[in-house]
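Fit chain B to the given chain A structure using the hints.
Read top to bottom, the protein sequences are chains A and B. Just so you know, UniProt numbering puts 168 at position 168 of the first sequence, and the rest follows in order with no gaps. Just so you know, UniProt numbering puts 94 at position 94 of the second sequence, and the rest follows in order with no gaps.
Read the hints as simulated data drawn from the structure, not as lab findings. Don't be surprised by glycine CBs; every beta carbon is placed ideally from N, CA and C. One thing to keep in mind: the hints can contain errors.
[As the list claims (entries may be wrong)] Cβ-Cβ distance ranges computed for the label pairs, FRET-style: (1) A/A167 to B/V380: 26 to 34 Å; (2) A/E364 to B/D369: 53 to 61 Å; (3) B/E21 to A/N225: 43 to 51 Å; (4) A/Q252 to B/S338: 49 to 57 Å; (5) A/A390 to B/G182: 44 to 52 Å; (6) A/M1 to B/E21: 38 to 46 Å; (7) A/T227 to B/N36: 54 to 62 Å; (8) A/E364 to B/G253: 52 to 60 Å.
2 protein chains.
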Amino acid sequence: MMNVAVMGYGTIGSGVVEILEQNKDIIARQTGDTVNVKYILDLREFPGTPIEKKIVHDFSVIEKDPEVSMVIETMGGLNPAYPFVKASLQAGKHVATSNKALVAAYGTELLKIAEENQVNFLFEASVGGGIPIIRPLYTSLAGEQIEEITGILNGTTNYILTKMDKAGETFEEALSKAQELGYAERNPEADVEGHDTCRKIAILTALASGHEVNYEHIYTEGITNITDVDFRYADALGTSVKLFGSSRISDQGVHAFVAPVMIGKDHPLYSVNDVYNGILVKGNMLGTSMFYGSGAGKLPTASAVVADIIEALKNPGHHVKMGWDGNRLNISAMDSVSFRYFVRIKGIAAKRLAEAEAAFGKVEVTELDHMDEFAVMTEVMTEEEYHLRAKKLSGIRQRIRAEI
Amino acid sequence: MMNVAVMGYGTIGSGVVEILEQNKDIIARQTGDTVNVKYILDLREFPGTPIEKKIVHDFSVIEKDPEVSMVIETMGGLNPAYPFVKASLQAGKHVATSNKALVAAYGTELLKIAEENQVNFLFEASVGGGIPIIRPLYTSLAGEQIEEITGILNGTTNYILTKMDKAGETFEEALSKAQELGYAERNPEADVEGHDTCRKIAILTALASGHEVNYEHIYTEGITNITDVDFRYADALGTSVKLFGSSRISDQGVHAFVAPVMIGKDHPLYSVNDVYNGILVKGNMLGTSMFYGSGAGKLPTASAVVADIIEALKNPGHHVKMGWDGNRLNISAMDSVSFRYFVRIKGIAAKRLAEAEAAFGKVEVTELDHMDEFAVMTEVMTEEEYHLRAKKLSGIRQRIRAEI
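If we strip away everything but chain A, and leave its shape as in the complex, we get:
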């Protein structure tokens, strides 16, 4: 029997306790061992509930109990999650966390401490909710040179963009629906400005490259500038717009960015809709793989935490080699990344197309009825080149990167 402590009895933490109870027979069959939740660290008391007697308010009870061999961190945030997780690893306990902020900020240090103490620091639930992606990267794809990871990694923004695409809603309408349904926070900034996706692609890039990634070096643009008019063009073009977190790794360097990207129907991530996540991985031998599933939600995310508990159960006293080293990856400037560009321009094509072509070169034109504007799709060029060329043209209303 393995004793664990759950820190933070919120949505994910209570989900973990629920799954450990409901699926205990399956877990026992798969691992040959059982899991006992000995402590739950929370500020609240939960009187009259089955967990009442497990509640503790003092982390040192967990830290000092040698019977606790694993700590589950589902508090979120950096403080006190960071000192508690660090102390747990130093006390020789495995840690599983769903906390992407913690992993993105302190992953390198925590992985090192885990290795020094021959325990595991596991974080499957930090990216892609219930989608198995962290573990496949360090097991199934460990022999691959990963050339690209591109993901729809945030369910909130994907829900909003899907509503704008399929139901013709404005950004504001779709956001308030997401808030009503509990998919978006009242302060939605971390999601809609791309910060959540940024931390997730940083973690995936570090895993794929084997080196530390500073998420602050990743160009990050959210979806707040995407409008219902953009989706009317997308509809006419047979495309959609998705918020991508993406990194491309080659001998020439590493590009990484978070931004809305226009894609066509043949893109493997085109049909990832609503709150679902999808992650595309290209390996030098494997070619393209795609992983799809529930990117958020209580039970799917808790299920990923439970998978980490099972990994620790299967490896008693054994440090599983994974993660990245402290040599920080050099992320190339966004200026050097290439895209096609969807550009909306004031005026009518009949009058202004020559100007647009003088600026951008060969373009494909789209016009909608009854609009005082038109749109062009450029050829592939770097961001730097785009900016130089765009300066030559007045009346640009919108620019969306495209991979078509």
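Here is chain B on its own, set in the frame of chain A:
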């Protein structure tokens, strides 16, 4: 350094040797160890090539060499793969295989021998080519009660069906194109009759349930009866037809089958085309996940074998708990499985719809121009009920199960 022996230097075996060489730095970084191919067992000699000196013709050289700690079986077939693999495990060597026939026929015994000898019998490459699916099932999804696995598991038939769907080809035309391109064997029976898919869904079902599955108990129907006319209706209906291997596991029993199934555009497997494979997994906590990638081909399949080598490298002297026990799963008869049915009927709807409704109850009708027939889509009913009802109606030309 871990010494391995590769048995069978065909497409997959040579791919494994190629990846171990080309990605050796990545493998060393990820595992902290290196792999040396000490022997290659093959009937041929390969004079003047870099592998010339590694070639052996006598398995006992491998079996008796204590330096060889892992054997890679990429010969295919049951004989001599089965006795060689068994002897390797008994000699205390890990085994990785790409051989689905071997795993489906002797998996239970070989898993037991591996456990007794504290080594690993690994077979990621036996299902889904390069798609990580076996390992996620016994790691990431190990805490889930798996309720359904449905996969497009055979690239050859998916290529044929895609050509029939998108290019309007007949089965015969698409098959000969697949043969020209090397996607189909000259004797395509194992693929087009569904036998290959049957072994793969048997392996996945055993892993998901934890119990042995006799693949001969799985109802298996191939794609040889699917015609270009069916796809004309599918086009009119906005659907497609895919060869599914599927199992549904519940307290009421286990259903498993291989058959062509008509699905709509909103099905997660709808956009899995050409030689790609896709596998949908439903867990009781996780909900639906989907795994997509190259289901066949030299390097993707070899990459899955290399992932197994890495797993063994990371677990020296450690048996990883996975697989299934010898309690054979009871697969319910196909008669009790429920579908909707797409049925093509001789005559015109104006004259015969009442008859069709008398037989099947409420149906949706589709008519194509200039045809002496029409099609109906029934409500959901069991196979048994379908057969009873279909007896009441003359002139049924086609019946395809539908999940719409």
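**Q.** Hint numbers not upheld by this structure, sorted from lowest to highest
**A.** 2
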